[in-house]
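**Q** In case you want the letters, here they are:
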Amino acid sequence: NAGVTQTPKFRVLKTGQSMTLLCAQDMNHEYMYWYRQDPGMGLRLIHYSVGEGTTAKGEVPDGYNVSRLKKQNFLLGLESAAPSQTSVYFCASSYPTSGRTETQYFGPGTRLLVL
Amino acid sequence: LAKTTQPISMDSYEGQEVNITCSHNNIATNDYITWYQQFPSQGPRFIIQGYKTKVTNEVASLFIPADRKSSTLSLPRVSLSDTAVYYCLVGVPFGNEKLTFGTGTRLTIIP
Numbered sequence: 007n008a009g010v011t012q013t014p015k016f017r018v019l020k021t022g023q024s025m026t027l028l029c030a031q032d033m034n035h036e037y038m039y040w041y042r043q044d045p046g047m048g049l050r051l052i053h054y055s056v057g058e059g060t061t062a063k064g065e066v067p068d069g070y071n072v073s074r075l076k077k078q079n080f081l082l083g084l085e086s087a088a089p090s091q092t093s094v095y096f097c098a099s100s101y102p103t104s105g106r107t108e109t110q111y112f113g114p115g116t117r118l119l120v121l
Numbered sequence: 014l015a016k017t018t019q020p021i022s023m024d025s026y027e028g029q030e031v032n033i034t035c036s037h038n039n040i041a042t043n044d045y046i047t048w049y050q051q052f053p054s055q056g057p058r059f060i061i062q063g064y065k066t067k068v069t070n071e072v073a074s075l076f077i078p079a080d081r082k083s084s085t086l087s088l089p090r091v092s093l094s095d096t097a098v099y100y101c102l103v104g105v106p107f108g109n110e111k112l113t114f115g116t117g118t119r120l121t122i123i124p
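As given, the protein sequences belong to chains B and L, one line each in that order. For reference, each letter of the first sequence is one residue, going 7 to 121 in this note's numbering. For reference, each letter of the second sequence is one residue, going 14 to 124 in this note's numbering.
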């Protein structure tokens, strides 16, 4: 199993450009998440999905959109990149565990620099 | 969602036992306590999870007192490779829509 993979690993954008980050998991997990991590900070949840075709907002959703057309993929889009979106983006997935907080499995991250 | 408080940083020497305490005064009845480890330039990795009393696995132990308002992650005989940031999370059983990792505890192991 590859686990959770993220594409690309690193990207530089100019302000106003758009891009899509791809997250893929091969563990048949129902839940998928997108986080951002700024230098010296913890992770903040952007959007999440509890199943194919469903998405929901997290703590910091503004400026991002997501789609979950296939169970194994979770896409994060930036329509008009801003310097404030310079960050490391992590994708995670998990499976429902009745009555307890599920364990999240994280990808290696995508480092995004917006100039 | 229960807010957690952890020390910002800790230093320890190789071979020692390290205990990192997390406070979560507003923990709810259904909340589990989960610890993650994050190395530089990597995503967090699950270490251990517990609800009450003591949980032990091959990596760490988790001690939770009866009132569950705090928890302690114990790393036995640490090595340089244990240098990382450790996050304590307390969350609801379903729907982590507001789950945050906070700033964690930066553990530095000294040779």
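Among the clues, some could well be false.
Quick list of the computed label-pair ranges, beta carbon to beta carbon [unchecked claim]:
id, chain 1, residue 1, chain 2, residue 2, range
1, B, S73, L, P89, 36 to 46 Å
2, B, K76, L, S94, 33 to 43 Å
3, L, S92, B, S24, 40 to 50 Å
4, B, L119, L, T116, 21 to 31 Å
Read the hints as simulated data drawn from the structure, not as lab findings. Just so it is clear, CB atoms sit at the ideal spot from N, CA and C, and this is done for glycine as well.
**Q** Lying within 21 to 31 Å: is that true of the beta-carbon distance L119 (chain B) to T116 (chain L)?
**A** holds (22 Å)
**Q** Can you tell me whether the CB distance of K76 (chain B) to S94 (chain L) sits inside 33 to 43 Å?
**A** holds (36 Å)
**Q** Between S92 (chain L) and S24 (chain B), does the beta-carbon spacing fit 40 to 50 Å?
**A** Given a distance of about 44 Å, which is inside 40 to 50 Å, the answer is holds.
**Q** Given the range 36 to 46 Å, decide if the beta-carbon distance of S73 (chain B) to P89 (chain L) lies inside it.
**A** holds (44 Å)
Of the numbered hints listed earlier, not one is contradicted by the structure.
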